[in-house]
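K.L.:
So you can see what is in the structure, the chains are spelled out below.
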Amino acid sequence: MPEKSSVDAVVVGAGPAGASAALELARAGRSVILLERGPFPGAKNVYGGVVYGRVLDEVLPGWWEDAPVQRWVTRRSTMMMTPTQALTIDFRTEDWGNAPYNGMTTYRADFDAWLAGKAVDAGAQLVTSTVATELLRDAAGRVVGVRTDRPDGDIRAELVIACDGVNSFLAKQAGLLPQTDAEQHTLGVKETLALPRKTIEERFGLSGDDGADFEILGCTGDISGGGFLYTNRDTVSVGVVLSLTGLAKSGRRPEEVLADLKAHPAIAPYLRGAELKEYSAHLIPEGGYRSMPPLTTDGLLVAGDAAAMCLAAGIWLEGVNFAIGSGLAAGRTAAEAIATGETSRLTGYRKRLEDNFVLTDHKNLQGAAHLVLSERVQQQYPRLLCDFAQEVFTVRNPEPKPGLGKLFRRTAARHGVRLRQLAADAWAGFRIFG
Amino acid sequence: MGPQMVVALSWSWRRVRVDPLTGSLHAEDRDRGGNAAELAALEHALRLADELDGRVLAVTVGPVAAEEILRTALAAGAHEAVRIDRDDQLEPGSLAHNGADTAKAIASALHGRAPDLVLCGDRSADGGTGTTPAFLAARLGAAQALGVVKLESNGQSLLAHRRLDGGSREVLRLPRPAVVSLEAAGVRLRRASLPAVLAAQKATIPAIPAEPHRHRPTLPARPLRPRPRELPAPAGATAHDRVLELTGALQDRTPPTVLGPLPAAEAVDELLGYLHRHGYISGETP
Ligand SMILES: Cc1cc2nc3c(=O)[nH]c(=O)nc-3n(C[C@H](O)[C@H](O)[C@H](O)COP(=O)(O)OP(=O)(O)OC[C@H]3O[C@@H](n4cnc5c(N)ncnc54)[C@H](O)[C@@H]3O)c2cc1C
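Chains as they are written, first to last, in full-length UniProt numbering: chain P, 1 to 434; chain X, 1 to 286.
Derived by calculation from the structure, the hints in this document are not laboratory data. A quick note: this is a predicted structure, and the numbers were derived from the prediction, not measured. Please note that a few of the clues may not be correct.
[To be verified] From the structure, some residues in chain P lie toward chain X, with a derived Cβ separation under 8 Å:
1. Phe40
2. Ala113
3. Val127
4. Pro151
5. Gly153
6. Ile155
7. Arg156
8. Thr180
Note that beta-carbon positions come from the ideal geometry of N, C-alpha and C, so glycine has one too.
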């Protein structure tokens, strides 16, 4: 006789947030079901390609020994572009190529499956190919489980943790997230392109397991957004992130914007002869701190992208580490609440997040998305900086070399950038990032 | 008691990449599993079991990870599952000869049981030779039905609907025991209930050790071609005549040989003799 589906907690979504929450609950000795709609964790997930694993140190010491790494990021470039120019700040360090490492490129299908495997090893029950379709509530309106799309598919639980990603259906059903909010989302589109390992190493100046991570500004035309290019072992991933409202207004197709980036003279040489393996697209919650929903309601906690915890702040696009951080905190809070029977008061969750990087970073960088997506940072400044660099490096003898200050003022004037505005933005930037 | 059925589920590589230069094979472990035809076979078995109070045993030959497909079968309603513990390497030899070895492993695992029906998919996703059912039938001394799209019972016997070429159908009355290869036609495995999925995850699946795969040489990569024969140059006076002579156009041809109908063994002898005479095979005919 099959058992009754009743557990301490049910975690919906086996992405990094869900797997981490389930890991914590299982380690605390709680019975937990981890639901995933895909045939395996990571089957449906899209991202750019870099995971910052420091957050795992505490829960999976030495995680880098068996994590499914493609490359360790030892070269990080920030590129500013106009259609014909590119100005790059290129940073490389050997330190990031040694344990405990800084960032790794990895495929989500591998990484998510690996992390969910850790939860399963700890005792969580992973149920794949199963969609949570509804929240179950008791007469008082408290969340007491989820309904799934399987026959006899109700799971009753003390607590539900919604880790169902951006556009979280469960957080919406709980009334925590608005039904639609295009303003707070961007669309990420990405191609994975195959190149021989040796070619990647030659073109990107890498060797062994070293990897490169390029973040790009000014590559999305008149649509606010950004771009990225990451190296895996024998593929590279290249993509753009586009403001949804800007995309709609432009009337352009996202793949056209990506094609333009791939054809850019600073990018095309890296990709020459590459074979397209995969095209994917996914929403990103870019609203950050200001768009975060309430993180709990009676019987429910929300973590990861479902709670808009992806950090998109121009030079950073980090979601996986934030998803893991919030998932771990949700799992710990849930385990404690179940142990004490206080499953209605879940305030410890927010406190935990405020005490660690998840909400601290989001809070500190809350104005970043607004600044980074502004017309000036998107359009004017990349043009100004690229032109300024061009002026500086153009040799015009027998004309004598101009003073840099004068040159800058002249270039700024040509681009209609007022120095006061520039100083105000620099100050705003300093306050946000400083 | 109703029919005792065995469903053979493969643990195949569903997508194999061949390096065009080295010929080496690559596949993701994650991409291993059964295919639609096998799951259709399982569904047919479960339907017959429901109708006739039969029992279904799900069997796979594979490593521990292959338990996943058995758990899928248990969740859907199979009564028992057995894994035969062997992990075949991804190399041409094992893919080409998998049928014989898999059948041997399954037949020896069934030792002592006398299933009425063994259901298989028509071919696996990787080797794709479709030979496992034939080898199984030979080992179990069972009848074999290929290309089956529907299985049903008419009260007394089990009927197998076979797909024939040109859209025709044939209905066979199956003797017992019989090995049936099913196609993925119009039947999908039922969706297991959540409690059944959870129970199946906890089920203990017995594993029977199997002999390791026997290493067998594979065929050379290039097709066998008879050596070219030396021919005299055409003697015609004009280019037109020489072309006609070379191509043999306008000449009488050897008419096609119609043999038979002959019993299978004689037809094979005739064919082998023909290939031998024309230099396609040499040496002793096997
Ligand atoms: C183009 C792009 C580039 C990015 N680049 C990076 C990067 O380089 N580095 C980085 O750290 N982050 C990056 N991110 C952000 C990162 O992908 C997310 O922040 C992160 O995946 C969030 O993890 P999560 O567990 O909250 O959600 P997800 O990873 O989205 O996981 C949610 C899971 O829930 C499952 N699910 C959803 N609904 C249901 C349901 N009803 N029932 C059952 N299961 C369900 C889904 O199948 C999925 O497995 C990028 C995102 C995009 C789109």
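K.L.:
Now tell me, hint by hint, if it's right for this structure.
P.N.:
Here is what the structure says about each hint:
For the restraint placing Phe40(P) at the interface with chain X, the shortest Cβ-Cβ distance is roughly 6 Å, inside the 8 Å limit, so the hint holds. Because the beta carbon of Ala113(P) sits about 7 Å from the nearest beta carbon in chain X, less than 8 Å, this interface hint is met. Below 8 Å, beta-carbon pairs count as interface contacts, and Val127(P) has one with chain X at about 6 Å; its hint therefore holds. Taking 8 Å as the C-beta cut-off, the interface hint given for Pro151(P) holds, the closest approach to chain X being about 4 Å.
Checking Gly153(P) against chain X by beta carbon gives a least distance of about 4 Å; that is within 8 Å, so the hint holds. Checking Ile155(P) against chain X by beta carbon gives a least distance of about 7 Å; that is within 8 Å, so the hint holds. The criterion of a C-beta within 8 Å of any C-beta in chain X is not met by Arg156(P), whose closest approach is roughly 11 Å, and the hint is violated. The beta carbon of Thr180(P) is not positioned within 8 Å of any beta carbon in chain X (closest approach about 31 Å), and the interface hint is therefore violated.
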